[in-house]
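Q: Sequence:
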Amino acid sequence: MTALKKQTIEKNISTWLTLLLAAACGVIVANLYYAQPLVGVISSSIGLSANSSGLIVTLTQIGYVVGLLFIVPMGDIVENRRLVVGSLLLTGVALAITAISKQAVPFLAASFVIGVGSVAAQVLVPFASYLASDSSRGRVVGNVMSGLLLGIMLSRPLSSLVADFLGWHAVFALSAAAVIILAIVLSKVLPARKPMTDTRYTALLGSMWHLLRTTPILRRRAAYHACVFATFSLFWTTVPLLLSGPIFHFSQINIALFALVGVTGAIAAPLAGRLADRGWTKPATGIALATVISSMLLPLMIRTGSITGIIVLVVSAILLDAGVSANLVLGQRALFSLSPEIRSRLNGLFMAIFFFGGAIGSAIGGWTYATGGWSAVIWIGMVFPIAAILYFATEKK
Numbered sequence: 000m001t002a003l004k005k006q007t008i009e010k011n012i013s014t015w016l017t018l019l020l021a022a023a024c025g026v027i028v029a030n031l032y033y034a035q036p037l038v039g040v041i042s043s044s045i046g047l048s049a050n051s052s053g054l055i056v057t058l059t060q061i062g063y064v065v066g067l068l069f070i071v072p073m074g075d076i077v078e079n080r081r082l083v084v085g086s087l088l089l090t091g092v093a094l095a096i097t098a099i100s101k102q103a104v105p106f107l108a109a110s111f112v113i114g115v116g117s118v119a120a121q122v123l124v125p126f127a128s129y130l131a132s133d134s135s136r137g138r139v140v141g142n143v144m145s146g147l148l149l150g151i152m153l154s155r156p157l158s159s160l161v162a163d164f165l166g167w168h169a170v171f172a173l174s175a176a177a178v179i180i181l182a183i184v185l186s187k188v189l190p191a192r193k194p195m196t197d198t199r200y201t202a203l204l205g206s207m208w209h210l211l212r213t214t215p216i217l218r219r220r221a222a223y224h225a226c227v228f229a230t231f232s233l234f235w236t237t238v239p240l241l242l243s244g245p246i247f248h249f250s251q252i253n254i255a256l257f258a259l260v261g262v263t264g265a266i267a268a269p270l271a272g273r274l275a276d277r278g279w280t281k282p283a284t285g286i287a288l289a290t291v292i293s294s295m296l297l298p299l300m301i302r303t304g305s306i307t308g309i310i311v312l313v314v315s316a317i318l319l320d321a322g323v324s325a326n327l328v329l330g331q332r333a334l335f336s337l338s339p340e341i342r343s344r345l346n347g348l349f350m351a352i353f354f355f356g357g358a359i360g361s362a363i364g365g366w367t368y369a370t371g372g373w374s375a376v377i378w379i380g381m382v383f384p385i386a387a388i389l390y391f392a393t394e395k396k
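Per numbering that gives the first Met the number 0, residue 0 is the first one in the sequence shown, and the count goes up by one each step.
Note that these hints are calculated values from the structure, not bench results.
Glycine residues also receive a C-beta, built at the ideal position from the N, C-alpha and C atoms.
Honestly, I wouldn't trust all of these hints.
Ranges between beta-carbon positions, derived for each pair [to be verified]: (1) Ser48 - Ser338: 44 to 52 angstroms; (2) Thr263 - Trp15: 19 to 27 angstroms; (3) Ile310 - Ser48: 38 to 46 angstroms; (4) Leu18 - Ala169: 22 to 30 angstroms; (5) Ala375 - Trp15: 43 to 51 angstroms; (6) Ser336 - Trp15: 38 to 46 angstroms; (7) Gly166 - Thr393: 27 to 35 angstroms.
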């Protein structure tokens, strides 16, 4: 590639293409979280018990992990635009099935497929890193991840609002339409990127265990984020149950407004990217992990059903989202500084490991809340980031 052509691509990625990738990631990844604030409504509608309600979120996240391990690595050998569009079409079909489902089995099966197809976002993130220069990679990845994180955070209030006015089926119907439209747009405007390697798919998958075993930074960053993402999923799976319960009596609109406030935490993503570009990854990581711990300490120390209790939960949500957002960007910036030929596999492994942590958080969230209440949820939510910061204390550089 000539220097002139490289400059042109970098100019594009810094303007409209960055915005497109950020928006696309937000639209795609939101599908993993639309059901989160609607767990109670959906489970009663499709006949799931309270103890099994966590499956609604957990199966989607497990599907995402499967996609991260078996589809995202294909970004190192398959033309990226085609891989993204194909994954989006699969997601659109699965969303349409959930939109018309009235029984648990088809809904849960489609939820799993939604998770598998939504890994298109994690093909787009390394795509952005390929187009960015070394000096701007943290900023570009941070900006694209801001769109992804906004999608995560806006998905909850958006689904609550749509469900309140049109019913929960409409949430998935509208998302199906949005994803199909996005697939068409990306097929027309994304630049083609054909990886140079001719590695076979079976060899590609076989190399992932080798990468995990021989890349210490991957294991460390994945462990950090698996812990904080478990807390993130635990909190956002259970806090709607708390808010709608007998203590606060929140409606779906009130829950949506509460979740909307947490969106402000996404501002930490581009800030973390800039700190990483300056070589401050380690101190920034310590701050991010401490922020997540603080987000759990607050509601543990101040528990009341008054307006003060609501304010505490709001501050806790903002701190949690900020800490998780920052830590995610710091981890991806560190991984994307490694060899370009293995970035899709590294990203797939990284995301798979920490989403497995998120699946654990979601799975135990509903059960913990039903059996031990909100206090038990917060105590468990504290354990994960404390484990992460203890491991972080062993980092040498």
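Q: So, for every hint listed, does it hold in this structure?
A: Cross-check of the supplied hints:
{"no.": "1", "hint": "Ser48 - Ser338: 44 to 52 angstroms", "in the structure": "holds, 48 angstroms"}
{"no.": "2", "hint": "Thr263 - Trp15: 19 to 27 angstroms", "in the structure": "holds, 25 angstroms"}
{"no.": "3", "hint": "Ile310 - Ser48: 38 to 46 angstroms", "in the structure": "violated, 33 angstroms"}
{"no.": "4", "hint": "Leu18 - Ala169: 22 to 30 angstroms", "in the structure": "holds, 27 angstroms"}
{"no.": "5", "hint": "Ala375 - Trp15: 43 to 51 angstroms", "in the structure": "holds, 48 angstroms"}
{"no.": "6", "hint": "Ser336 - Trp15: 38 to 46 angstroms", "in the structure": "violated, 26 angstroms"}
{"no.": "7", "hint": "Gly166 - Thr393: 27 to 35 angstroms", "in the structure": "violated, 50 angstroms"}
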